[in-house]
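Colleague: Chains A and B are the protein sequences, given in the same order.
Quick note, the numbering used here runs 1 ahead of the 1-based positions in the first sequence.
Quick note, the numbering used here runs 214 ahead of the 1-based positions in the second sequence.
Honestly, the hints are just simulated from the structure, not real lab data.
Even for Gly, the Cβ is constructed at its ideal location relative to N, Cα and C.
No incorrect hints appear here.
The calculated lysine to any residue pairs, modelled on SDA-like cross-linking and capped at a C-alpha distance of 25 angstroms, are:
#1 230/B <-> 172/A
#2 272/B <-> 237/B
#3 87/A <-> 73/A
#4 272/B <-> 178/A
What the simulated footprint calls covered on chain A by chain B, stretch by stretch (three residues with Cβ under 8 angstroms from a Cβ of chain B suffice, anywhere in the stretch; the number is not a length):
#5 19 to 30
#6 51 to 61
#7 167 to 180
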Amino acid sequence: MDEQEHIRAAQRGDARAFNQLVRAYQTILYRTAFRVMGDSAAAQDATQDACIAAFKNIRAFRGGSFKAWLLRIVTNACYDQLRAKKRKPAASLDAMYENADDPAFEPVAELTPHDVAEQKEFAQVIQRGLQTLAPDQRATFVLIDMEGLNYDEAAAATGANIGTVKSRLSRARGAMRDFLLAQEELLPAKYRLKSG
Amino acid sequence: MFRNISSDPHARVEEKLSEYIDDQLAPADRARVDAHLRGCARCRASLASLEWTIALAKRAPAPALPRGFELPIAASPSPFRRAVRGEVVALRFATTFATILLVAVIGFDFFLQSSALRAPALAPGAEQFAAPASGAQPTAAPASGAPPTTAPASGLQSTPAPRALPPAAQPQSSATDAAKSAVDAASTGTPPPKPAALPRATTTAVPTSQPAALPLATPTRTSQVEARAEESAREDISPVRVIEIILLALVLAFGAATVIARKNARR
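One chain only, chain A, in its complex shape (with noise of 0.2 angstroms):
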């Protein structure tokens, strides 16, 4: 069976058919969650409300990119957990990063320890500037310059015209710039500018 098999069949209540597609994009789904969330657990919850979200509201889906479809709610659902976490403030942003639980990151073959350490310092640096950004122009960069989608797709996840993405994408990426710049002495020795 194909995506739209799947889907066609998600839309007649199969939830087999339906556990397809989240096995599918629940990578891309939990990544884009935890990249605008910064946490694990609430990147976990966020991708979970998404998935029950799509399920219910399958028959909606009209056609066109299923993967921007379920960005878009799990979009949604980051912005409802950091609305509701503005209202209640939590553990403080380095305390997350300190933690030993925090996420593993993807393993990646032939890395000595060493490097697993500098690649965990590397996303440290980067999700630390990801957190200083606004939540639109977060989501729009991580969606386009992280994974890859294009300009019609993040503007169709985010729900924004293509102007407004490409206002948002360029003030984050200025933004993230400037962070990266001031905090180069923090990124591993091959990732700097002036070493490039």
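Go by the hints and put chain B onto chain A.
Modeller: For chain B alone, kept in the frame of chain A given last:
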């Protein structure tokens, strides 16, 4: 203190660099940026730093998936649940249809009632036709002393005054004779001749003439009261009302069934 972006060529190019990197600029804009970059080291450095930022973002390690996010299979609606959902749709349709019918019947009933309210205005005018004919013998009824109580009484109730006109001529004459003989008898002391045949004739006549013998105002009020009584009796058994009650009961029953079916569908 504040740069006027529109007048600062570096600021204008800086704004366009993100789209320039993604090849999203119109050809004319791209040519302008190219031309500026050829002569501006500062903007070239800005472009390089942006490209470096994007490259770092692409290389950032991806977080590992902590677990699967598949839904439990019980989330799938069973055929029973699908049937219940269909039932909900059918009940909703039935409720809506019954409600529309009820509203239409109520509207029709309202229209009928407003037409009926205009109809009684004709009755007083019709009674006035009977009044002049009855004016000739105002004493006939009291003089006879024995107004018919059986058939005439019912005849009184059932016969509307306008119908009194055609037969009034004959009975009037026989009633006049009877009245006259009664008056004569009263004055002479002799019992008036028993108008044996007369009552029968009078029976047929009196129902029509007696109403005419009554004063002008009374027949109008009596017949109006009687007409209203008849109307209210008709209202009690109006078929339109029966239909309204049945439709209301259906709306309530379908509505309750819809609520119960929806609760079952959610379980």
